[in-house]
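Work out the full structure: start from the sequences and follow the hints.
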Amino acid sequence: MSPNTENDAPDMILCVFPNAHKVLLLSSQSESNTEFALDSDFIFGEHFYSSVEAKINGEIRSNNFHPLSGNGIPEKVENIVREATISSILEALNDKIGKSISQDSISIFFFSGQVLNFSNSELSQAVMAIYGETVSGSMIEDMVKQLISLSSEEKELLEKSKNNELYSLITGQQGEFATIWDKDNII
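By the count of the numbering used here, the sequence shown reaches residue 187 at its end, each step adding exactly one.
Source of the hints: derived by calculation from the structure; they are not laboratory data.
Just the calculated beta-carbon pair ranges, DEER-fashion:
1. SER62 x ASN164: 32 to 40 Å
2. LYS96 x ASN163: 28 to 36 Å
3. ASN63 x SER149: 44 to 52 Å
4. GLU165 x SER102: 35 to 43 Å
5. SER100 x GLU165: 40 to 48 Å
6. ASN64 x GLY137: 50 to 58 Å
7. THR134 x LYS155: 23 to 31 Å
8. VAL115 x SER62: 32 to 40 Å
Here are the simulated DSSO-like cross-link-like pairs (lysine-lysine), alpha carbons at most 30 Å apart as the crow flies:
9. LYS55 x LYS96
10. LYS160 x LYS145
11. LYS22 x LYS76
12. LYS76 x LYS55
13. LYS22 x LYS160
14. LYS145 x LYS99
15. LYS145 x LYS22
16. LYS96 x LYS22
17. LYS162 x LYS22
18. LYS22 x LYS55
19. LYS145 x LYS162
20. LYS22 x LYS99
21. LYS162 x LYS76
22. LYS99 x LYS55
23. LYS22 x LYS155
24. LYS155 x LYS145
25. LYS145 x LYS96
26. LYS96 x LYS155
We treat Cβ as the ideally placed atom computed from N, Cα and C, and that holds for glycine.
This is how it looks when you write it as structure tokens:
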């Protein structure tokens, strides 16, 4: 599919589940699977990390960066990681599908924040609205089933992470949290 107009549905949707470390591909293309999940270990191998390290190293050594000025450093690192992540996901998809796909035919959807509050019915309706005219009913059901399963897994992992952080805070093993009564913070 060539670059989409604003109202065209994408050929493929990548659903990223950050805590589950999985990426779900939903596709309307008949020559490929309509849905499958990729583990992040498959996507983010040594090549990914070497690429990110090299790009950060290049940025640090460029004339655009001064070690004494912290302004913009987190944003630069975030942009480098984001670009490398998208590139690695596309490479993994190209390998999995066996053909080259472009960013123009893909939408990327992160399952985080308020998106995790979508009900199963809302997720089902969204998939149906996007692919209902191009994909068979049984394939839509498979897509929805996989999407709901990964969304539930993401919610559980996020809740577990929040509970672990709260436990650490309460027990004084706060890690990234600091309290005014923490004896290590007293001068």
